[in-house]
Amino acid sequence: MARYCVSGVLLVASICTLNLPVSAQESAEESANAVVSQEAASDSVADPENATEYVGEMYQIGLGWHAAALEGLPTDKFGLVDWVAALEQGMIKPRSSIDPKAPEGVPFDMNILMPSKTGMIAGAYFPHKTHTTWMSCNSCHIKIFMPLAGSNDLTMSTIVKGQACGVCHGKVAFPLNDCTRCHVSHADADDGGAAEQ
Amino acid sequence: MIKKLIVLLVLLAVFAPASFSEYGDVVMDRYKDTMAEVGLTPVVFPHWTHRMQFKCKACHESIFPMQRGASDITMSAIIDGQFCGECHNGKIAWDPLYCDRCHSLPQSGTGH
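Taken in sequence, the protein lines are chains A and B. Under my numbering, the first residue of the first sequence carries the number 1, and numbering increases by one thereafter. Under my numbering, the first residue of the second sequence carries the number 1001, and numbering increases by one thereafter.
Worth flagging that the hints you see were computed from the coordinates, not collected in a lab. Careful: at least some of the hints might be erroneous.
Said to hold, decoys possible - Pairwise CB distance ranges (calculated):
| # | chain 1 | residue 1 | chain 2 | residue 2 | range |
| --- | --- | --- | --- | --- | --- |
| 1 | A | Gly119 | B | Tyr1098 | 51 to 59 Å |
| 2 | A | Gly90 | B | Ala1093 | 21 to 29 Å |
| 3 | A | Asp109 | B | Ile1079 | 36 to 44 Å |
| 4 | A | Asp99 | B | Trp1094 | 14 to 22 Å |
| 5 | B | Val1038 | A | Met110 | 45 to 53 Å |
| 6 | B | Trp1094 | A | Ser116 | 46 to 54 Å |
| 7 | B | Ile1079 | A | Ala149 | 42 to 50 Å |
The beta carbon of each residue, even a glycine, is placed where N, CA and C say it ideally should be.
Let's have the full structure, built from the sequences with the hints guiding it.
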């Protein structure tokens, strides 16, 4: 249970660093990370077969407390709510506006396939529609992403530091260690839009 | 008996921070010092119970920019119909009179 506390502290640290200069928070976060990785090492050796011994931060959060209102909603492999599935399955019907008379509108639909820079992993697939169903354009453009092919230099190392996709993913959207939700194989990707980079 | 109490307190201290907020919740503690003076704890915004009924775009960016610290949310602004008060006005959603529904971060908790 102490691990939940550690993950809680980590999350506070990660929320604090959101959109703030990293330097001030970095050392604290690193030391917290060190604690987790120590535990991770001991746990993974202790009982790798036991599902309650998950060492990853997101698995631990998934095993933790959840609001009763969320019961019955589909979850991802971490035990966190899979909001895209919940919407697609019609389990929730969230409105686009607080004004009940406002029209729902049509989400912008364009898929972007970003080829892998290294070849070690499949390219990343960005479906606009999944995002624009929930969010408005100005949530991301132009504060986070320039809406021009090739103008965003995306790397995992900047994303895990909370930039680009990492502004939401890992904080309020599905975690970054759910790799294959973005890194799909090229053959699977519906390259209906412009390829970027 | 005292031992039992101590065990209970320790258990509470260990469990409380882990059992109050969901992945994606937001802790708002800008005014935690003045809140403490009047016996209130910081606010935990339950993101997901709102997301079940509203898409992100219902509130972002028009009411709340998606940036920590960008909205100076005060009770006077809320009762004036801004921020949470856009809905929590007693007409659309319950009015902002039930302090502990929002000011719910445990005293000792780090929350998240």
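Unmet hints by their number, sorted upward, for this structure
none
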